[in-house]
Amino acid sequence: GQNIDQPTEMTATEGAIVQINCTYQTSGFNGLFWYQQHAGEAPTFLSYNVLDGLEEKGRFSSFLSRSKGYSYLLLKELQMKDSASYLCAVDHNTNAGKSTFGDGTTLTVKP
Amino acid sequence: DVKVTQSSRYLVKRTGEKVFLECVQDMDHENMFWYRQDPGLGLRLIYFSYDVKMKEKGDIPEGYSVSREKKERFSLILESASTNQTSMYLCASSLPRGGGGYEQYFGPGTRLTVT
Chain D
578 GQNIDQPTEM
588 TATEGAIVQI
598 NCTYQTSGFN
608 GLFWYQQHAG
618 EAPTFLSYNV
628 LDGLEEKGRF
638 SSFLSRSKGY
648 SYLLLKELQM
658 KDSASYLCAV
668 DHNTNAGKST
678 FGDGTTLTVK
688 P
Chain X
3 DVKVTQSSRY
13 LVKRTGEKVF
23 LECVQDMDHE
33 NMFWYRQDPG
43 LGLRLIYFSY
53 DVKMKEKGDI
63 PEGYSVSREK
73 KERFSLILES
83 ASTNQTSMYL
93 CASSLPRGGG
103 GYEQYFGPGT
113 RLTVT
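Line by line, the protein sequences are chains D and X.
The first sequence begins at 578 in our numbering and counts up by one.
The second sequence begins at 3 in our numbering and counts up by one.
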């Protein structure tokens, strides 16, 4: 079966750094996605990790450890607009491009 | 620019009605997906299609069917709507990324209420 765990909610202060963790136990693993979803909107792509290590992209970074079944999304210099739900998703390495999504972490950024 | 559109943003139907949700993508993607999203349950895959006329069940196919007659269009059908199918329905299509994996592009969603 597929099991993906992330915290349900997190709160952080504007300008701070926050780390959102994701652990997974799945059959068939090619890589891990992070998507951002603002309330009432569709998810949009943030990052994809296939190799172990940290991938940095501006204020956002994503880390993967395949041996530990663990990933995190790191958001620096938080802004109010970063308040959103963050979804981790396992890419199952199928030709159909199927992914299994976690339940999402709702991040609230406070002034 | 990538575009996935869904036929309605909001829909209200009665119990027992047949409901059609339409999704169209203009990116020539092979793969298309239907999810439902409920609070506390995340995104759950209903059905997906990897080619015209090809479909596979996802994690929660019961009570749903799909149709893919043309590459750009993927329809979700609720044969007899029930109140437990009240949800946000999201369509997506996917493309192989240069860096690996298949990035999914989502439509704006249809919020369906069954009364």
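The hints are simulated quantities; they were obtained by calculation from the structure and are not laboratory data.
Hints should not be assumed to be uniformly reliable.
Below, simulated DSBU-like cross-link-like pairs (lysine-lysine); rule was C-alpha separation at most 30 angstroms, straight line [as the list claims (entries may be wrong)]:
1. X:LYS5 with X:LYS15
2. X:LYS73 with X:LYS15
3. X:LYS73 with D:LYS658
4. D:LYS634 with D:LYS653
5. D:LYS634 with X:LYS5
6. X:LYS73 with X:LYS5
Computed footprint of chain X on chain D; a stretch qualifies when at least three of its residues, placed anywhere within it, have a C-beta under 8 angstroms from a C-beta of chain X [said to hold, decoys possible]:
7. 598–611
8. 641–654
9. 678–687
Nothing here was measured: the structure is a model prediction, and the numbers come from that model.
Ideal placement from N, C-alpha and C gives every residue a C-beta, glycine not left out.
A quick look at each hint next to the structure:
1. X:LYS5 with X:LYS15: Holds. LYS5 of chain X to LYS15 of chain X sits at ~27 angstroms (cutoff 30 angstroms).
2. X:LYS73 with X:LYS15: Given that 30 angstroms is the threshold and the Cα spacing comes to 28 angstroms, the pair holds.
3. X:LYS73 with D:LYS658: Distance ~36 angstroms between LYS73 of chain X and LYS658 of chain D Cα, so the pair is violated.
4. D:LYS634 with D:LYS653: 11 angstroms, holds
5. D:LYS634 with X:LYS5: 24 angstroms, holds
6. X:LYS73 with X:LYS5: With a Cα-Cα distance of about 14 angstroms, the restraint between LYS73 of chain X and LYS5 of chain X holds, given a limit of 30 angstroms.
7. 598–611: It holds, with 3 qualifying residues against the three required.
8. 641–654: violated (count 0)
9. 678–687: holds (count 4)
Going down the numbered hints, you'll see the structure goes against 3, 8, while the others check out.
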